[in-house]
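In this note's numbering, the protein residues as written are 283 to 391.
Hints were generated in silico from the structure; no laboratory data involved. Each hint should be verified, as a subset may be incorrect.
What the hints assert, rightly or not - Derived pair list, reagent style EDC-like, types lysine to aspartate or glutamate, alpha-carbon separation capped at 20 Å:
id, residue 1, residue 2
1, K360, E307
2, K360, D334
3, K360, D293
4, K360, D337
5, K351, D305
6, K360, E330
7, K351, E307
8, K351, E314
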Amino acid sequence: MSSIYDQLRDDLYANARQWHEIDYETYQWRIECVPPVMGGYGACLCGEAYTDSLDGQAIYFAVLERNGKYYGTYATRKEWRERLIPRELGVPFPSLEVINWAIHANTPA
Numbered sequence: 283m284s285s286i287y288d289q290l291r292d293d294l295y296a297n298a299r300q301w302h303e304i305d306y307e308t309y310q311w312r313i314e315c316v317p318p319v320m321g322g323y324g325a326c327l328c329g330e331a332y333t334d335s336l337d338g339q340a341i342y343f344a345v346l347e348r349n350g351k352y353y354g355t356y357a358t359r360k361e362w363r364e365r366l367i368p369r370e371l372g373v374p375f376p377s378l379e380v381i382n383w384a385i386h387a388n389t390p391a
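Start from the sequences and build out the full structure, keeping to the hints where you can.
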């Protein structure tokens, strides 16, 4: 039986990255083990790079919490800004303030 890390690694090397559901413990460990590189409030790139892309960009473990479920994938900073966050939050990526607003606006009180 493969682990979530095996699935994410396979996606990475097949250049077919997508969000996979992860458990709360994995999500929590990833946001607490080292300071995040980017993000906040339920979505972040974890602070230690997993590997580098062929063009030299660092690839990080990314986590996201949505509606009580937790997700993980691998992403570069550029992918995070240009593809993952706009698609997941439905907003462009001009600043961390926009991300924080979008997350809070979509989170039940």
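Structure-based check of each hint:
{"no.": "1", "hint": "K360 <-> E307", "result": "27 Å, violated"}
{"no.": "2", "hint": "K360 <-> D334", "result": "13 Å, holds"}
{"no.": "3", "hint": "K360 <-> D293", "result": "18 Å, holds"}
{"no.": "4", "hint": "K360 <-> D337", "result": "12 Å, holds"}
{"no.": "5", "hint": "K351 <-> D305", "result": "8 Å, holds"}
{"no.": "6", "hint": "K360 <-> E330", "result": "16 Å, holds"}
{"no.": "7", "hint": "K351 <-> E307", "result": "12 Å, holds"}
{"no.": "8", "hint": "K351 <-> E314", "result": "17 Å, holds"}
Checked against the numbered hints listed earlier, the structure breaks hint 1 alone; every other hint is satisfied.
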